[in-house]
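J.: Protein chains in written order, with the working numbering: chain E, 1 to 157; chain F, 158 to 955.
Simulated from the structure, these hints should not be mistaken for lab results. Since this is a predicted model, take the numbers as computed values, not measurements. Hints are not guaranteed to be accurate.
What the hints assert, rightly or not - Capping the alpha-carbon separation at 27 Å, the derived lysine-lysine pairs in DSSO-like fashion look like this: (1) K327(F) x K299(F); (2) K752(F) x K777(F); (3) K208(F) x K155(E); (4) K299(F) x K242(F); (5) K208(F) x K81(E); (6) K208(F) x K242(F); (7) K56(E) x K208(F); (8) K155(E) x K81(E); (9) K278(F) x K256(F).
What the hints assert, rightly or not - Between beta-carbon pairs, the in silico distance windows are: (10) T241(F) x S2(E): 29 to 35 Å; (11) T8(E) x Q876(F): 29 to 35 Å; (12) D382(F) x R117(E): 51 to 57 Å; (13) V16(E) x E622(F): 55 to 61 Å; (14) D54(E) x M773(F): 55 to 61 Å; (15) Y215(F) x S2(E): 24 to 30 Å; (16) K155(E) x R751(F): 34 to 40 Å; (17) H298(F) x S85(E): 39 to 45 Å; (18) Y652(F) x R117(E): 45 to 51 Å.
A virtual CB, placed ideally from N, CA and C, is assigned to each residue, including glycine.
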Amino acid sequence: MSRDISFTLNGQVVIVAVDPSTLLIDLLRDSFGLTGTKAGCREGECGACTVLVDGKAYNSCLMPAMKVQGREVTTIEGLQKPDGSLHPIQEAFMNAGAAQCGFCTPGMIMNTAALLRSNPNPDEHEIRKALSGVLCRCTGYRKIVEAVQIAAAAKQP
Amino acid sequence: MSDKYDDKRKMQVLVKERTDFLPFIRFKEAELAVAGQSVNRTDDPLKVTGKLRFGADYSQEGFLHGKILRSPHPHAIIKSIDTTKAEEVEGVVAVLTAKDLIGRNGFGAIIPDQPVICSDKVRFVGDGVALVAAETEQIAHKALALIEVDYEPLPAIFDPRDSLKEDAPKIHEKGNLLSYDKLRKGDVDSGFEQADVILERTYEVPFLEHAYMEPDMAMAIPEPDGTMLVEGPMQAPFTVRRNVAPVLGLPINRVRCRQIHMGGGFGGKEDSPIDLGCRAAVLAQHTGRPVRLALEREEVTIQTAKRHPMIMEVKIGAMKDGTLVAFQGVIYDEQGAYASLGPKIPPAGGSHIHSMVMMAGPYVIPNVKVDAYLCYTNHPYGGAMRGFGAPQVHIAHEQMMDELASELGISPLEIRRKNAFRLGSQTATGQVLDQSVGLRETLEACAKAFDWDRRSRETGYIDRERSKRRGVGIGMGWYRTSIGTSGDACGANVYVHEDGSVLLYTGITEMGQGAFTVLPQICAEELGVRLEDVRLVQPDTDLVPESGPTVGSRSTTLMGNAIIQAARQVKESLVEAAAKMLGVATEQVEFRNRKVFDRDNPTSSVEFKQVASRCMAAGKRLVGQGWWAPPTPSLDPETGQGNPYFVYTYSTHMAQVAVDTETGEVEVEYYVAAFDVGKAINPRALEGQIEGGVAMGLGYALMEKVVIREGVIQNTNLQNYLIPTALDVPDINPIILEVANELGPYGAKGIGEMPNIPATPAILNAICNACGGRVRSLPADPENVFWAIKEAGGPPNK
Numbered sequence: 001m002s003r004d005i006s007f008t009l010n011g012q013v014v015i016v017a018v019d020p021s022t023l024l025i026d027l028l029r030d031s032f033g034l035t036g037t038k039a040g041c042r043e044g045e046c047g048a049c050t051v052l053v054d055g056k057a058y059n060s061c062l063m064p065a066m067k068v069q070g071r072e073v074t075t076i077e078g079l080q081k082p083d084g085s086l087h088p089i090q091e092a093f094m095n096a097g098a099a100q101c102g103f104c105t106p107g108m109i110m111n112t113a114a115l116l117r118s119n120p121n122p123d124e125h126e127i128r129k130a131l132s133g134v135l136c137r138c139t140g141y142r143k144i145v146e147a148v149q150i151a152a153a154a155k156q157p
Numbered sequence: 158m159s160d161k162y163d164d165k166r167k168m169q170v171l172v173k174e175r176t177d178f179l180p181f182i183r184f185k186e187a188e189l190a191v192a193g194q195s196v197n198r199t200d201d202p203l204k205v206t207g208k209l210r211f212g213a214d215y216s217q218e219g220f221l222h223g224k225i226l227r228s229p230h231p232h233a234i235i236k237s238i239d240t241t242k243a244e245e246v247e248g249v250v251a252v253l254t255a256k257d258l259i260g261r262n263g264f265g266a267i268i269p270d271q272p273v274i275c276s277d278k279v280r281f282v283g284d285g286v287a288l289v290a291a292e293t294e295q296i297a298h299k300a301l302a303l304i305e306v307d308y309e310p311l312p313a314i315f316d317p318r319d320s321l322k323e324d325a326p327k328i329h330e331k332g333n334l335l336s337y338d339k340l341r342k343g344d345v346d347s348g349f350e351q352a353d354v355i356l357e358r359t360y361e362v363p364f365l366e367h368a369y370m371e372p373d374m375a376m377a378i379p380e381p382d383g384t385m386l387v388e389g390p391m392q393a394p395f396t397v398r399r400n401v402a403p404v405l406g407l408p409i410n411r412v413r414c415r416q417i418h419m420g421g422g423f424g425g426k427e428d429s430p431i432d433l434g435c436r437a438a439v440l441a442q443h444t445g446r447p448v449r450l451a452l453e454r455e456e457v458t459i460q461t462a463k464r465h466p467m468i469m470e471v472k473i474g475a476m477k478d479g480t481l482v483a484f485q486g487v488i489y490d491e492q493g494a495y496a497s498l499g500p501k502i503p504p505a506g507g508s509h510i511h512s513m514v515m516m517a518g519p520y521v522i523p524n525v526k527v528d529a530y531l532c533y534t535n536h537p538y539g540g541a542m543r544g545f546g547a548p549q550v551h552i553a554h555e556q557m558m559d560e561l562a563s564e565l566g567i568s569p570l571e572i573r574r575k576n577a578f579r580l581g582s583q584t585a586t587g588q589v590l591d592q593s594v595g596l597r598e599t600l601e602a603c604a605k606a607f608d609w610d611r612r613s614r615e616t617g618y619i620d621r622e623r624s625k626r627r628g629v630g631i632g633m634g635w636y637r638t639s640i641g642t643s644g645d646a647c648g649a650n651v652y653v654h655e656d657g658s659v660l661l662y663t664g665i666t667e668m669g670q671g672a673f674t675v676l677p678q679i680c681a682e683e684l685g686v687r688l689e690d691v692r693l694v695q696p697d698t699d700l701v702p703e704s705g706p707t708v709g710s711r712s713t714t715l716m717g718n719a720i721i722q723a724a725r726q727v728k729e730s731l732v733e734a735a736a737k738m739l740g741v742a743t744e745q746v747e748f749r750n751r752k753v754f755d756r757d758n759p760t761s762s763v764e765f766k767q768v769a770s771r772c773m774a775a776g777k778r779l780v781g782q783g784w785w786a787p788p789t790p791s792l793d794p795e796t797g798q799g800n801p802y803f804v805y806t807y808s809t810h811m812a813q814v815a816v817d818t819e820t821g822e823v824e825v826e827y828y829v830a831a832f833d834v835g836k837a838i839n840p841r842a843l844e845g846q847i848e849g850g851v852a853m854g855l856g857y858a859l860m861e862k863v864v865i866r867e868g869v870i871q872n873t874n875l876q877n878y879l880i881p882t883a884l885d886v887p888d889i890n891p892i893i894l895e896v897a898n899e900l901g902p903y904g905a906k907g908i909g910e911m912p913n914i915p916a917t918p919a920i921l922n923a924i925c926n927a928c929g930g931r932v933r934s935l936p937a938d939p940e941n942v943f944w945a946i947k948e949a950g951g952p953p954n955k
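Bound-form chain E, shown alone (with noise of 0.2 Å):
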């Protein structure tokens, strides 16, 4: 039984046809082909399928693609500006040396967009506390903190 939703997809709008049972994760990936959002888990534990709706961080991988009508969805291939050029998150990523396998990479950066819109200026706990969503098995968490601090000051006028 599918059904037409509208909604904003990295700044333009679109309209896809979708089934109740469709997942945000899958629509994305497979109908959009924008596969910089994982699965890892399929079951909300690893974030690496984190996306902003309406400016907030959400396990694709939970989120029913009928939920997001109206909406306004944001996938790490949306963060670039449309020239191209890195978002301050991404640089600082890169030259923090934050990611290695890179699979969680997109996560971590979602949500770290996420965190910088709602407190631009976190403390190391604020920052290990917004990331506790995201699974890294590579890292270790320290360069991630790191590259959250860089974007952060980056961002400071």
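Based on the hints, put chain F in the right spot on chain E.
T.: Relative to chain E, chain F alone:
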């Protein structure tokens, strides 16, 4: 909660040319331009934008979806299997059982004892009994449910000690003891007679899951010429190829394996791609269509290799002053249902023999006896997991050292100072450590940076309620570079083009450890070009030379050496041409930063690309090949004496923890980890290995355990198999020391696995120091810590 004495994190890189312990190192270190620099990873731009494609990100168009029907029983006979109903489902293209296989019905990294499809019996919950290929994943799932299998359950074995009993049911025809190995050095009986103190303890460690964030998958694509292409995440493309070929009934040169970037491996993707690759290939060969076989997270846990559980019985004898005189160990090493990476590849390859060799620790002990039993059980199987059998034995010997120190009234630092290896020491296998031994340097550097003297005095209660106690602990360790097999070797090809750009071919794979950055750094350094001038070709068995697997902390060293050789072969032509262009003798020619110049007169130079172009025009060879193997390993099968691995990396960790004595919760507050790595080719990437490895070791200490009941895993997803989050891991302070390896690229030795190994015992020792509770059966989760405190009669009073 951070420690109030929290120093700002610092990384110290100490280039050691002379110490009190060492003669002047002969290695001449010129100033390096590319190697030794903390450059950004070459694939970073793809990672931070989400553009890096992992296996699951490739298009599924035209692919059939493969699924595996697994046994629900840990040990059973297959009486019959009926696939008719499954085959009738619309969209199902093939349902295969063992009778449909045309090649070898067996795969395995060392011994091919695991059936591609089980024919007569199943040996663990997870064993494959049928394969399905369908147009969609949902249809494949539907088909799985319609396959009817009639099992006759058999008595199952869940403890390696039970598998050795006379009347134990046979899991494999040849018996349940896969390997018995022994080490005999000196005479432990007379050693124990001499000893002033003897302690006996037993330590137990469980199955661990790699929990890499990217679930496994494989794609098999049959080419029109009959070649089978297998693509996917894989640490060992050549091992996958040499298994897929006989399973398909093809010669090796008709199978092609191509590595796709891995979302973590940690040793797990050394053999899971063999499993999925063989099964996807069989479906692809049968249907004539491309097949994609992808595992859900639960399937990864149920089906793929784990860290070997062990029961380790240790008896140690020492003199009053702490000098060790005798060490006796018995290891019951649980292999699980299939051989995977446990058994011996002569002389010292495979995880079991490695555990035996490492059992007594990095200490000078004149009398050592180890008996090590590798036993099949009806559990999932042990494979390679970061440390490959060394982490388990470190948990035993490092805790034992602390228990001994406590018994003797000596500090854990002093007892290690007394016994730790130095240059010229003899190991338990009788190997003389004749170069690159920085163990004591790591102990002293760590103690200094951690401020051991002060922190070890400031232990005890930290809150007014007298419920939380602080403690400190040391973990010391060593780990080999290379895998100890006689066939351990690496090949590399380097092609230089007339515009100065370079192609680099190696079979070493990227799983986040940074190989795709570090290996081009070495190549660029040797050729004197910039990092961005070198393009590493994606590892593909059709294109790259035999390289061995990306395991055993061997890649930077062995492949780095091969790359340098390859580059030097090309430089023969370049040097000859440049010498003519500059009008100097060939010995004068230097390469650096895209320039080729006269060493004595650097302003007299030409561009690298001009020299390359000149060679090309003159038909001179610009193709270089390198091949490097370590010195031949040796290990006597009767005595365990020999030189199994040619060089070791050394490390000391110190941890400060706070234990809540009422709940058993542990917080790791402060942590320092010092390493002798020979040479850091990319210090920032090396720090990344350290920080990530310590986090993994912390997980082993505090929270990780695959819970299995009657052969069925209870915690198959990440909700219940806990790994550390950003709130669990403290600031880790890494210290990098460089005691050059004469046989390594710019002095480097391995780093991939060393970091997690001493972390677990450092934390366990700190917990005991804090609260008196000694956890000998891991993990030290709140419940186990709570009971350990009770067993010790409550926390200390101070």
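J.: Taking the hints in turn, state whether each one holds.
T.: Tested hints:
1. K327(F) x K299(F): 34 Å, violated
2. K752(F) x K777(F): Holds, at roughly 19 Å.
3. K208(F) x K155(E): Distance of about 24 Å is within 27 Å: holds.
4. K299(F) x K242(F): 10 Å, holds
5. K208(F) x K81(E): Distance of about 15 Å is within 27 Å: holds.
6. K208(F) x K242(F): It is violated: about 42 Å lies between the C-alpha atoms, which goes past 27 Å.
7. K56(E) x K208(F): 22 Å, holds
8. K155(E) x K81(E): 15 Å, holds
9. K278(F) x K256(F): Between K278(F) and K256(F) the Cα gap is close to 14 Å, so the pair holds against 27 Å.
10. T241(F) x S2(E): 29 to 35 Å: 33 Å, holds
11. T8(E) x Q876(F): 29 to 35 Å: 32 Å, holds
12. D382(F) x R117(E): 51 to 57 Å: At 54 Å between Cβs, range holds.
13. V16(E) x E622(F): 55 to 61 Å: Check passed, 57 Å falls within 55 to 61 Å.
14. D54(E) x M773(F): 55 to 61 Å: Cβ of D54(E) to Cβ of M773(F): about 58 Å, so the range 55 to 61 Å holds.
15. Y215(F) x S2(E): 24 to 30 Å: Holds - the Cβ-Cβ distance for Y215(F) and S2(E), about 26 Å, lies within 24 to 30 Å.
16. K155(E) x R751(F): 34 to 40 Å: 37 Å, holds
17. H298(F) x S85(E): 39 to 45 Å: 43 Å, holds
18. Y652(F) x R117(E): 45 to 51 Å: Cβ of Y652(F) to Cβ of R117(E): about 48 Å, so the range 45 to 51 Å holds.
Violated hints for the displayed structure, listed by number in ascending order: 1, 6.
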